[in-house]
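A.B. asks: If you want the building blocks of each chain, they are given just below.
Protein chains: 2
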Amino acid sequence: MGISQEISYRLERLILDGGLAPGQKIPSERQLATRLGVSRAILREALHELQGRGVIETHHGKGSFVASIVPSTADLDDRSPLMHLFAGHPRTLYDLLEVREQLEGQAAMLAAQRATSMDRHRITKAFRMLESTDPMSNAKPDHGFHQAIVEASHNPILVHVLNGLKNMMLLTVQASVANLNPREEMRHSIMRQHKQIYQAIMAGKPTAARKAATAHVRFVGDSMRSLESQGAKVIRISLNSEAAAPGTSASP
Amino acid sequence: MGISQEISYRLERLILDGGLAPGQKIPSERQLATRLGVSRAILREALHELQGRGVIETHHGKGSFVASIVPSTADLDDRSPLMHLFAGHPRTLYDLLEVREQLEGQAAMLAAQRATSMDRHRITKAFRMLESTDPMSNAKPDHGFHQAIVEASHNPILVHVLNGLKNMMLLTVQASVANLNPREEMRHSIMRQHKQIYQAIMAGKPTAARKAATAHVRFVGDSMRSLESQGAKVIRISLNSEAAAPGTSASP
DNA sequence: AATTGCCAACTGGTCGGACCAGTTTTTTCG
DNA sequence: CGAAAAAACTGGTCCGACCAGTTGGCAATT
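These protein sequences, in sequence, are chains A and B. Each number in our numbering corresponds to the 1-based position in the first sequence with 442 added. Each number in our numbering corresponds to the 1-based position in the second sequence with 442 added.
Think of the hints as simulated: they come from the structure by calculation, not from any bench. Source: prediction; values computed, not measured. Glycine included, C-beta positions come from ideal geometry on N, C-alpha and C. Treat the hints loosely; a few may be bogus.
Quick list of in silico lysine-lysine cross-link-like pairs, BS3-like style, CA-CA up to 25 Å [said to hold, decoys possible]: (1) B/Lys647 - A/Lys653; (2) A/Lys608 - B/Lys608; (3) B/Lys647 - B/Lys567; (4) B/Lys653 - A/Lys647; (5) A/Lys653 - B/Lys653.
Residues of chain A placed beyond 12 Å of chain B at every Cβ, according to the derived structure [stated by the list, open to error]: (6) His630; (7) Thr656; (8) Ala657.
Derived coverage of chain A by chain B (criterion: at least 3 residues anywhere in the stretch with Cβ under 8 Å from a Cβ of chain B; other residues may be distant) [what the hints assert, rightly or not]: (9) 487-493; (10) 534-542; (11) 545-554; (12) 593-604.
Could you put the whole structure together from the sequences, leaning on the hints where they help?
C.D. replies: Here it is as structure tokens:
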């Protein structure tokens, strides 16, 4: 390992062990570089590494601060590169929706063909829950409905792929629910679309199911796109919200 | 945001969007710095950030390499349960083909819309190689052609998903090549289909490209199904065929 | 005295060049 | 031809300078 790696390691220890609280300021680059006996360039590389890991935040002219990370928020594997890419690159949302359009259409079609009675039961249950739940509740019911359909496709590959995208999918569903549901007419459109998908699958109409599902995903994408173009901030779903502004230090 | 942040962003984009596979080498620091118009110091800071996020790995004297992305969908290597399932249950082949039908259709469509001149060049190169190679050679050229198209879709999610299925995909392509190519008329059909896909993408006809691609995958599936129903043993493909180190076979 | 305005001293951000240290390729010579 | 030496890569580290935001205090003005 190079020196910069070692420095980033020592810095992290310093922060974690040293009891530096989130939001707390760490010494200036020049100070740290001198104290640790390395050049400022190397020190900066180490800082960038910690930055990449989300350990610190840096603000021009102010300094670097310990980020407020709860290391055990293992809820979703936030820190995965893809996850981060998604959070940082809004376009990725639409990329995902493009893929979902195909995959969910496929799943709905296969579900219409292959769903067993137990599958139908599960789908129905998820659908009911979707109807009854508060519109603004979290995205779980919505996702559950889609999930039930996917599993009814009886295609292990499809299930596996969609499962691999689950976390990101949850985010897009969350985004769509948060942004679209508040709009009265949109919520109705989405509900109608869900109903169409549901009925097509139950009626065993593969083509109709596929069309309904792809149309639904496309509708969500188009809607969010148009919302976004109207200036609405669509994608702002912070992975681990709150980010302790630097000025949170208590008055001395 | 500072320049180094922007650089790391662009780099990340370059890596995932460009479909750079894990393990692949990225250009040297001096090259990248020049190409992106920044100093080497800043370029290195950006690299360290990606390093901190686990996107790349760096080795002294050798270079920087794309790290294996995310464990979720990626890496269906041999010992994977799904891989095993596949070997044991031929039907999984058709499941995969079902999914491929959608995904490759999507990829071809997007490629027809978004391929850059460099993408076109790569696709053309892969296509040429596909025409010239011996029909019975391994499946690499065939897969390379499809891969080039997928990467031209400029949808990181799509690239990621297909990449995760790469190993299994290689097997299906291998299976199709081994079983279908020996049949004169089938080989011609497949070649014609490849040509249709190629021309549609080059001509920038998204719909035609999608249709050609889905039709192609469907044809492969249907053909193998019919072959199988005639009593041919279709799936007998050993799992660890190639993938061996450069020092191949070695028959003493 | 209170306010305003400005300047100096922080902070991080960027640059270029130089040199060291591994790795790979090319050249040279036995 | 083959092995050793040299050159041409690669990343790793350092220095010194300068740019760009931020902050606080000092001084001139009101």
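A.B. asks: Work down the list of hints and note, for each, if the structure agrees.
C.D. replies: Okay, the hints, checked on the actual structure:
1. B/Lys647 - A/Lys653: Holds. B/Lys647 to A/Lys653 sits at ~22 Å (cutoff 25 Å).
2. A/Lys608 - B/Lys608: Status holds; Cα separation ~19 Å.
3. B/Lys647 - B/Lys567: Roughly 20 Å separates the two Cα atoms, so the pair holds.
4. B/Lys653 - A/Lys647: Given that 25 Å is the threshold and the Cα spacing comes to 22 Å, the pair holds.
5. A/Lys653 - B/Lys653: 16 Å, holds
6. His630: 29 Å, holds
7. Thr656: Contrary to the label, A/Thr656 does not stay out of reach of chain B, its closest Cβ about 10 Å off (not over 12 Å).
8. Ala657: With a cut-off of 12 Å, A/Ala657 remains clear of chain B, as the shortest Cβ separation is near 15 Å.
9. 487-493: With 6 residues close enough to chain B, the hint holds.
10. 534-542: Coverage by chain B holds for the stretch 534-542 of chain A (5 residues, Cβ < 8 Å).
11. 545-554: holds (count 4)
12. 593-604: Our answer is that it holds, as 6 residues pass the Cβ test (under 8 Å) against chain B, meeting three.
Checked against the numbered hints above, the structure violates only hint 7.
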